[in-house]
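Colleague: Line order of the protein sequences matches chains V and U.
So the first sequence is residues 222 to 511, counted in the working numbering.
So the second sequence is residues -18 to 469, counted in the working numbering.
Since the hints were made in silico from the structure, they are not lab data.
Each residue gets a CB set at the ideal place from its N, CA and C atoms; glycine is no exception.
Do not take every clue at face value.
Pairs of lysine-lysine, DSSO-like flavour, derived with a Cα cap of 30 Å [stated by the list, open to error]:
1. Lys228(V) - Lys260(U)
2. Lys235(U) - Lys19(U)
3. Lys149(U) - Lys12(U)
4. Lys370(V) - Lys381(U)
5. Lys149(U) - Lys135(U)
6. Lys253(V) - Lys12(U)
7. Lys16(U) - Lys381(U)
8. Lys253(V) - Lys16(U)
9. Lys468(U) - Lys422(V)
10. Lys470(V) - Lys413(U)
11. Lys12(U) - Lys228(V)
12. Lys246(U) - Lys422(V)
13. Lys235(U) - Lys253(V)
14. Lys260(U) - Lys16(U)
15. Lys468(U) - Lys253(V)
16. Lys470(V) - Lys440(U)
17. Lys253(V) - Lys135(U)
18. Lys370(V) - Lys149(U)
19. Lys253(V) - Lys142(U)
20. Lys12(U) - Lys422(V)
Label pairs and their calculated CB-CB ranges [what the hints assert, rightly or not]:
21. Tyr257(V) - Leu278(U): 18 to 24 Å
22. Glu301(V) - Tyr78(U): 29 to 35 Å
23. Glu292(U) - Val267(V): 22 to 28 Å
24. Arg327(U) - Val258(V): 47 to 53 Å
If you want the footprint, here are the derived chain V segments under chain U, 3+ residues with CB under 8 Å [claimed, not checked]:
25. 254 to 268
26. 344 to 355
27. 361 to 373
28. 453 to 464
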Amino acid sequence: MATDREKDAVTGTETTGHEWDGIRELDNPLPKWWLYVMYACILWSVGYYFLYPAIPWLDGHTKGTLGYTERTRLVEDIAEARAAQASYFKQIETSSLAEIRANQNLLDFANAGGRASFAENCAPCHGSGAAGGPGYPNLADDDWLWGGKLENIYATLRHGVRWPQDEDTRVSDMPRFGEEELLTKAQISDVTEYVLSFTDKSEDAAAAGRGKAIYAEQCVACHGPTGDGNMEVGAPRLNDAIWFYGDDKATVAAQIAGPQQGVMPSWQGRLDDVTLKMLTVYVHSLGGGQ
Amino acid sequence: MNDTVSPPPVEDAKSVRELREELPLYVARVKVYPKRIKGFFRRWKWTALTVCLSVYYLAPWLRWDRGPGQPDQAFLIDMGSRRAYFLWIEIWPQEVYYLAGLLMIGAFGLFLVTSLFGRVWCGHFCPQTVWTDLFMAVERFVEGDRGARIRLDKAAWSARKVAKKATKHAIWIAISVATGGAWIMYFNDAPTLILDILHLEVPLAVVFFIGLFSATTYLLGGLAREQVCTYMCPWPRFQAAMFDEDSLIVTYQKWRGEPRGAYRKGESFEDRGDCVDCKQCIAVCPTGIDIRDGNQLECIGCALCIDACNEVMDRIGRPRNLIDYTTTQNLVARERGEAPRLHLIRPRTLIYFLLLSIVGGVIFYGLATRDDLEINILRDRNPLFVTLSDGSVRNGYTFKILNKDHDARIFSLAIEGLQLPQMRLVGNDQTKAVQTLIAAPDHVSTYRVYVSVERDTLKTDATDFEFRLIESGKPEHRHGSVFRGPKK
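Excised from the complex, chain V in its bound form (with noise of 0.2 Å):
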């Protein structure tokens, strides 16, 4: 309370009239010259209050006289960002996609930026690890249904997979031997054997043997006779260890009989050729690049 301050004996001072345990405090004078640097703290704020963003008004707030907005701010680190990069964006665009990945500070530069376009455009579909699912391609493994050279890649990336506004987008034309009767349900299980026979799968052999003809008059074309694929009409290789849609009898049969056939988009004009380019050089470095 206030009516206990007390005078303490050595200095002469009064103290504040609180205790904590047993503490009391001196209520001395403050210095003035606290004082004057609050009031310069406080005249500084003023001049904040007219020049920067300040109170929230009824429609908005008060937008200061120097007109500072954090979105201006950024916009402007962006574009110094960019002017940094203005140099490797150029020889990006003059190079081709062979000497891109000749030159390893250039190399390094094409690898950041397409991964950074990766996580934002292909990760939806091919996962955020390009490891794909089910329909969706891995593009870290060492099988290409359309080629994983560079320049396949950067085909692939312009046009896309069965995108119907894109005029060389890349179809790869399976006939649906079931739905439209082609091949009967029996025929479908022999070749389907035949087919898991390429990989030790097949586990009936007489169907396997059966299977091989119709294999050799249906399939041969676009898969050729050991079904090693062709990458040039989009046929897959059905004679290794990675199956897109799955590795058991009835996935492969339902594949036969109707295919499930994926669509990509195609990216020229939705970005521009040097992120393509940067784009292609990464997913070729992801492993499978051949």
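Following the hints, put chain U in place on chain V, whose structure we already have.
Modeller: Frame of chain V, contents of chain U only:
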């Protein structure tokens, strides 16, 4: 800590309004005019000042050869290339924790020294005290001793006064700029910087920081002075926790000095104290306090009052050390007529010493045993593994090799713990069982390594194995890692 226990309550209570009228809320600063003095502690203070300032101004000029292409300054913090150099020690940004260690050593060292010897930091070694002392010396040189300075301040403005004040401030500004400049020289190569300044080719950041440190030196050392110690610095405020009754501090021997009174030559000292109320102790005090009031927050422990009082005691033929650098325990002991004791080794000081030794030991050990090579292996987590067309399983690893050496180092990379692993190094694109990694000097080298094994050789979905980095003529580095595959 003074020797009153609790203040006696006031007999006549006053109302709040009455009290508030008596006490001003704010007081103007009382200017302090410390008087010149000679003596043992003054000599110590000059020595401390000389040593500290010499180290500060001269250290950036020391050279240390580190080889071609490397900076040759002994003490340099190179912000641009993110390295700190202290003689033969080179600190990388990852090792900034040594700074934490240094600060801890500083703190514990300060606690130990204060609990033993009082506020020697505040009175002799603190940068604020050193520069304030220097600026006061300049002031004394230009304007004269205490009396002359007081008269000059009271006098009306004249050509002489303007000249004196201008000279003083000019010298202060010169010292401040030299101080700011010296600070910058710890962050840039000193000779190069001086040449750049003379050619006016310095970047804006340098100008800004020189300006900043010059301004703060001038403000704090020239204008603020004791206000820093009294109002800005936290140290005085927890000194009470550092002291105990066996710490050596500046103490007025009250039992000997009281009752005080004026003295005329020839009078006897019977029935009176030795203190002749000459007020010299107040005159020389840089913070302007009266040590006879007891140990207080403003007393920075410079002990100049001891020198002043001893001078007077010598003149009147009384024994020295009426103000003594001793413990409060001894003050009480002498009062009672007992023998004084010096009890430096006690639990408090032992604990501080122990903490200091432990922290110092850890930092020193860390520094002495730090490797100039650091290898980090980051396994790809997305995707966990990749199945290749021949059925084999592949994992990706990113190698980051920190080579702090000034020479490149070449490693053979091999694997132990997997059956017939094949490695592909992104960049040379050759699949082999053993690869070569080159760690560039003074650099973090990054490598992508793909390891593939046949699917059948994997017994579980997570196989532990080791990377072996073999260097000719040096012990090999082994790093454990994991190889992941499909669920078994």
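Colleague: Run every hint past the structure and note whether it holds.
Modeller: Each hint tested on the structure:
1. Lys228(V) - Lys260(U): holds, 25 Å
2. Lys235(U) - Lys19(U): Holds, at about 24 Å.
3. Lys149(U) - Lys12(U): holds, 17 Å
4. Lys370(V) - Lys381(U): holds, 28 Å
5. Lys149(U) - Lys135(U): holds, 17 Å
6. Lys253(V) - Lys12(U): holds, 13 Å
7. Lys16(U) - Lys381(U): violated, 63 Å
8. Lys253(V) - Lys16(U): Holds. Lys253(V) to Lys16(U) sits at ~25 Å (cutoff 30 Å).
9. Lys468(U) - Lys422(V): The hint holds at about 19 Å.
10. Lys470(V) - Lys413(U): Judged against 30 Å, a Cα distance of about 36 Å means the pair is violated.
11. Lys12(U) - Lys228(V): Measuring from Cα to Cα gives roughly 26 Å; hence the hint holds.
12. Lys246(U) - Lys422(V): violated, 122 Å
13. Lys235(U) - Lys253(V): With Cα atoms ~34 Å apart, Lys235(U) and Lys253(V) exceed 30 Å; violated.
14. Lys260(U) - Lys16(U): Between Lys260(U) and Lys16(U) the Cα gap is close to 11 Å, so the pair holds against 30 Å.
15. Lys468(U) - Lys253(V): violated, 76 Å
16. Lys470(V) - Lys440(U): Between Lys470(V) and Lys440(U) the Cα gap is close to 26 Å, so the pair holds against 30 Å.
17. Lys253(V) - Lys135(U): holds, 21 Å
18. Lys370(V) - Lys149(U): Violated, because 78 Å separates the two Cα atoms, which is more than 30 Å.
19. Lys253(V) - Lys142(U): holds, 26 Å
20. Lys12(U) - Lys422(V): Violated: Lys12(U) and Lys422(V) sit about 98 Å apart, past 30 Å.
21. Tyr257(V) - Leu278(U): 18 to 24 Å: holds, 23 Å
22. Glu301(V) - Tyr78(U): 29 to 35 Å: holds, 33 Å
23. Glu292(U) - Val267(V): 22 to 28 Å: About 54 Å separates the Cβ atoms of Glu292(U) and Val267(V), which means 22 to 28 Å is violated.
24. Arg327(U) - Val258(V): 47 to 53 Å: violated, 42 Å
25. 254 to 268: Our answer is that it holds, as 3 residues pass the Cβ test (under 8 Å) against chain U, meeting three.
26. 344 to 355: holds (count 5)
27. 361 to 373: holds (count 4)
28. 453 to 464: holds (count 4)
Hint violations for this structure: numbers 7, 10, 12, 13, 15, 18, 20, 23, 24, all remaining hints satisfied.
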